[in-house]
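2 protein chains.
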Amino acid sequence: MANEPGAPLRVALLGCGVVGSSVARMLVEQADDFAARAGAPLEIVGIAVRRPQRPRPDVPVDPALFTADAEDLVTRADIVIEVIGGIDPARGLILRALEHGASVVSANKALVAEDGPTLFEAATAHGVDLSYEAAVAGAIPILRPVQESLAGDHVRKVMGIVNGTTNFVLDAMDVSGSGFSETVEQAQALGYAEADPTADVEGFDAAAKAAILASLAFHTRVSAADVHREGITEVGAADIAAARENDCVVKLLAICERVTADGQDAVSVRVHPAMVPRSHPLASVREAFNAVFVEADAAGELMFYGRGAGGDPTASAVLGDVVAAARHRVAGGHGPRESAYADLPVVDMGQAVTRYHISLDVADRPGVLAQVAAVFAEQGVSIETVRQQPGPEGEDRARLIVVTHRATDAALSATVTALAALESVAAVASVMRVEGA
Amino acid sequence: MANEPGAPLRVALLGCGVVGSSVARMLVEQADDFAARAGAPLEIVGIAVRRPQRPRPDVPVDPALFTADAEDLVTRADIVIEVIGGIDPARGLILRALEHGASVVSANKALVAEDGPTLFEAATAHGVDLSYEAAVAGAIPILRPVQESLAGDHVRKVMGIVNGTTNFVLDAMDVSGSGFSETVEQAQALGYAEADPTADVEGFDAAAKAAILASLAFHTRVSAADVHREGITEVGAADIAAARENDCVVKLLAICERVTADGQDAVSVRVHPAMVPRSHPLASVREAFNAVFVEADAAGELMFYGRGAGGDPTASAVLGDVVAAARHRVAGGHGPRESAYADLPVVDMGQAVTRYHISLDVADRPGVLAQVAAVFAEQGVSIETVRQQPGPEGEDRARLIVVTHRATDAALSATVTALAALESVAAVASVMRVEGA
Chain R
1 MANEPGAPLR VALLGCGVVG SSVARMLVEQ ADDFAARAGA PLEIVGIAVR
51 RPQRPRPDVP VDPALFTADA EDLVTRADIV IEVIGGIDPA RGLILRALEH
101 GASVVSANKA LVAEDGPTLF EAATAHGVDL SYEAAVAGAI PILRPVQESL
151 AGDHVRKVMG IVNGTTNFVL DAMDVSGSGF SETVEQAQAL GYAEADPTAD
201 VEGFDAAAKA AILASLAFHT RVSAADVHRE GITEVGAADI AAARENDCVV
251 KLLAICERVT ADGQDAVSVR VHPAMVPRSH PLASVREAFN AVFVEADAAG
301 ELMFYGRGAG GDPTASAVLG DVVAAARHRV AGGHGPRESA YADLPVVDMG
351 QAVTRYHISL DVADRPGVLA QVAAVFAEQG VSIETVRQQP GPEGEDRARL
401 IVVTHRATDA ALSATVTALA ALESVAAVAS VMRVEGA
Chain Y
1 MANEPGAPLR VALLGCGVVG SSVARMLVEQ ADDFAARAGA PLEIVGIAVR
51 RPQRPRPDVP VDPALFTADA EDLVTRADIV IEVIGGIDPA RGLILRALEH
101 GASVVSANKA LVAEDGPTLF EAATAHGVDL SYEAAVAGAI PILRPVQESL
151 AGDHVRKVMG IVNGTTNFVL DAMDVSGSGF SETVEQAQAL GYAEADPTAD
201 VEGFDAAAKA AILASLAFHT RVSAADVHRE GITEVGAADI AAARENDCVV
251 KLLAICERVT ADGQDAVSVR VHPAMVPRSH PLASVREAFN AVFVEADAAG
301 ELMFYGRGAG GDPTASAVLG DVVAAARHRV AGGHGPRESA YADLPVVDMG
351 QAVTRYHISL DVADRPGVLA QVAAVFAEQG VSIETVRQQP GPEGEDRARL
401 IVVTHRATDA ALSATVTALA ALESVAAVAS VMRVEGA
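Line order of the protein sequences matches chains R and Y. Quick note: the first sequence uses this note's numbering, first residue 1, plus one each step. Quick note: the second sequence uses this note's numbering, first residue 1, plus one each step.
If we strip away everything but chain R, and leave its shape as in the complex, we get (with noise of 0.2 Å):
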């Protein structure tokens, strides 16, 4: 798919909202960057929206390129730039694109985590690239790092901060001891959420990320389906001030992990809240930053921070993966295909390892520990800390806060609900995994 040397590749932008309208106007500003960049000149030869017509200040562009048909923009460019997001039309563009010989670049989580295999073959099929950077934690390079710069290494784990809105959200009730629902409408008013918050508290769009982002870890194919997702409306304040007590932050974490399950290597792969000790480095990732923690044999503990969302930082992405698709172009060969040999089975949630800490208020009398440790005992499930506390005055009450050893998430959990069936705990206050410590 080489092009003439020195000719200009032709770009069709599918897509003109916050990052689309950022990518027009990188590539027009700083155009004579990219051409040397690239070893040739990119020029928008369309960019598709819905409404055409639509006056659009912001993108300095001739208006006559905006049009309304998608399906013949894709089959007059060199590289294709898909910014619209969700499952269709995207993927049926994107296929288009491929088959015409485009090489395509994707901000898609949700297509890419859904659907990626079959847009990994198209791309191979037609011997271009189909490249998808800004799809996870924005602006932050970490698919190439752990496509490229990793390939010689052994990752056990990718531990990571990959939604701006739900770590808003958690810090700043972390901050203001707010409960979960005023805080969402807080972040919505200042813009950090939608209007539909649930893509983002409910854990989907980390769950696509934790998907991408396991399938280039351990060369498995792992769609969003297979990730156990759990988001954050269930951490309540009850669960911020146990955390804090226990000088940690409770944080959504998209986990992908090598496990061992039945004798066999297997991969875990989840979303969930839970507690991190405040001296680990994702401790201090704060407001709308996204922040990627990946534990590899040889090169040991590595982090990468910075901006998740956003016009300007995911178009920063977007780019960097546009000028690479036309290097390949101009001067030969292709970026990485679909790597998944391994094929690793991913376990249930009942198999990953984790840890709890969980807070009990029980009743204030002799034996009561004994009866709540022999549940535990009864699972299986060995107790690293127990902590007992004075209950509210007045009250027959205690609060009684166990951190576990690592056990399986089935026994952890069959020990909350053996717990909470005791007639002496009154109530379970608080159950959050542990992670980082």
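Take the hints with a grain of salt, since some may be wrong.
Chain R regions said to be covered by chain Y (calculated; three or more residues, Cβ under 8 Å) [claimed, not checked]:
| no. | segment |
| --- | --- |
| 1 | 28-34 |
| 2 | 139-149 |
| 3 | 322-336 |
Coverage of chain R stretches by chain Y, computed from C-beta distances (three or more under 8 Å per stretch; other residues unrestricted) [said to hold, decoys possible]:
| no. | segment |
| --- | --- |
| 4 | 152-159 |
| 5 | 295-307 |
| 6 | 312-319 |
In case anyone wonders, no lab produced these hints; they're calculated from the structure. Backbone N, C-alpha and C define an ideal beta-carbon position, used for all residues, glycine too.
Given the structure of chain R, go ahead and fit chain Y onto it with the hints provided.
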């Protein structure tokens, strides 16, 4: 330079010290993964060492593979890994390997910073790869992100802790309050500093890395000789204490920055100790860890963190490059070539724009502050804050602590000289640049 599909690629290793033996071990132990990821088996065909007869039980290869004849070995390989270090004979061997059509992966910061363009031109002329991710910040993927992921962005500044020895020493001085010499001795005893620590503590190692980072970030040839270099040998307990009072830590920074000089775009590339606010992400980089902070127009602030040295971490970076080179030989194409089109001038240190933190011991009498302030005004340096503290009991002294606004380093330096000459200034207790604030 494409090889037969599936045919093994011949890998030659030059050097078998700490890094080389990690590389050899990983190539052998993870041979199946390398074959799957590279698209062909990677077969070690020789390891050049000074004493081939010496037993090396930690390197699981046929002892017959060790050879003293590096000149011959590089002509028999598809990929040559150079982990000898230093300028000669590494330079001659790399050039010879490239001329014989081998791709080269090097961890040699000194050579790339001194004579990179000669090597890059040879690689381009022979259509092969030359890559050196391991040369900067060990295991941290930083060159590939700057060169590829940020290829569509406009990097403004790169600021890194890229030398583990000096970070260990400065961190230990901060924690213990000890002086420079005794801390270096302690670092030597723990294996964090070499017997002759000159290359680290005088900033030569960091300067080479700064040159490499600046070249990639600014698309401009920058060699080690272009880098303004100050080490940490002059950093005393007084500086560390002054930093602590200012809620800062002292770090040895490699700084690559776009500047305007005489109305033209230019770059400043420098290595020097600086006060960094404790709230800055670089301040929390402890012990011998490395981190690189990048500011780009679109991406905003990014940080990359991890282990900057050691056999396995460096081998991780080397082997990422090896897999990339192998993929290119199997599937065609090549890695990014040298990009020096911007060709920006590198300014003298005097033209760099910095801020100073100055602690003065002055006579405790009326009028001294006015005299001091007049010196700043004469040099055109504006003061951000000035703080006066009582001096030692029984002496007629006070301590004046001045933090300046940004000014050229020449003006700031001239100000310090003029202050030292004032009759009312008994001593300049500490002078340190401030970064990240």
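Against the structure, the hints come out as follows:
1. 28-34: As far as the segment 28-34 of chain R goes, the hint holds, because 3 residues have Cβ atoms under 8 Å from chain Y.
2. 139-149: Result for this restraint: holds, n = 7.
3. 322-336: Our answer is that it holds, as 10 residues pass the Cβ test (under 8 Å) against chain Y, meeting three.
4. 152-159: With 3 residues in contact (Cβ-Cβ under 8 Å with chain Y), the coverage given for the segment 152-159 of chain R holds.
5. 295-307: holds (count 12)
6. 312-319: holds (count 7)
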